[in-house]
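Enquirer: 55 is the number of the first residue of the sequence shown in our numbering; add one for each residue after it.
The set of hints was computed from the structure by calculation and includes no laboratory data.
It is possible that some hints are incorrect.
Said to hold, decoys possible - Pairs of lysine to any residue, SDA-like flavour, derived with a Cα cap of 25 angstroms: (1) K236 / Q295; (2) K123 / Q109; (3) K211 / P288; (4) K279 / N72; (5) K236 / F205; (6) K144 / G222; (7) K123 / Q102; (8) K253 / Q150; (9) K144 / L243; (10) K144 / V309; (11) K123 / I82; (12) K232 / N260; (13) K236 / S172; (14) K123 / F317; (15) K236 / D291; (16) K236 / P263; (17) K236 / R194; (18) K253 / L225; (19) K211 / P268.
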Amino acid sequence: MVASPWEHLQSVLMRTQNPIVREEFRDIVDDDDISIPRGSLKVACLLQDNDSATQTMLRLMLFYIILRKAQDLQVPIYGIPVPSFQEARKFRPQIQLYFQEDFNDVEPGYSPVTGEISFRLMNENGETLNETEARQYANRVRTAFAAGAGFVWRKGKLMCSYTDRARGYQLQLLCRDKAEGKRVIEQVLDIQNHAPDWKYLNVSENDQPTARFPTLPPTDFIYGKNRRLPRQRPIADVRFQYAVLHIHGVNPPIVLVDRSGIFRNPLATVA
Numbered sequence: 055m056v057a058s059p060w061e062h063l064q065s066v067l068m069r070t071q072n073p074i075v076r077e078e079f080r081d082i083v084d085d086d087d088i089s090i091p092r093g094s095l096k097v098a099c100l101l102q103d104n105d106s107a108t109q110t111m112l113r114l115m116l117f118y119i120i121l122r123k124a125q126d127l128q129v130p131i132y133g134i135p136v137p138s139f140q141e142a143r144k145f146r147p148q149i150q151l152y153f154q155e156d157f158n159d160v161e162p163g164y165s166p167v168t169g170e171i172s173f174r175l176m177n178e179n180g181e182t183l184n185e186t187e188a189r190q191y192a193n194r195v196r197t198a199f200a201a202g203a204g205f206v207w208r209k210g211k212l213m214c215s216y217t218d219r220a221r222g223y224q225l226q227l228l229c230r231d232k233a234e235g236k237r238v239i240e241q242v243l244d245i246q247n248h249a250p251d252w253k254y255l256n257v258s259e260n261d262q263p264t265a266r267f268p269t270l271p272p273t274d275f276i277y278g279k280n281r282r283l284p285r286q287r288p289i290a291d292v293r294f295q296y297a298v299l300h301i302h303g304v305n306p307p308i309v310l311v312d313r314s315g316i317f318r319n320p321l322a323t324v325a
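Construct the complete structure from the given sequences, taking the supplied hints into account.
Expert: Okay, structure coming up:
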């Protein structure tokens, strides 16, 4: 008998989700012991063959949203809250560009490769910069990075740095080659209508990049078990996602343009 679409979906969900639940509750042997708190939680999270669609959604929400507090949906970040940083340091306005690898290209077992590029607006401060000017920057970012399918930065193992502090640039870009580094730098500088001055470009290449930064990193014995070490300088195409403007005294940052759909009201919209 051919399974209905719901039965097929339910079967796939059970095969993929229940092993994750059992791994989370590996200290609880039985699948039906509700006499202890963690056993009860395990039973509540395991998908059952006779569940309705609503019950299935509730079990998934209990596991991922309530118990794990949506940690699986967020990339861990080392940082400090924006208010704390702004209390400690005053700064020139800064534009940050965020990039991420397409999900279809992500290697199994790894998170998407990401990238970030930032620069300062040295001729601006919180008093001179207004919403009209911010929209102008947003439109320039949209033109340079959000047009079409979005600008793609071809990341690699070569370090291209561009340092022109007077104009707000201290860029460090991992790229496939020098030509790619120059292409990305030109695109970034175009936001402020700046032409690159290549005497500020430095290129650093490791003598044995594939050995120093292997595609598949080695394992090491860490915290009681063998674990794969983090990748360094992975080769990946990362696509522009969104840009934000940081102004001292303004929290949260101003979203200039957004291709990801994360933010509600960017200053410049993408068709």
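Enquirer: May I ask which of the numbered hints given earlier this structure violates, with the numbers listed in increasing order?
Expert: Violated hints: none; all satisfied.
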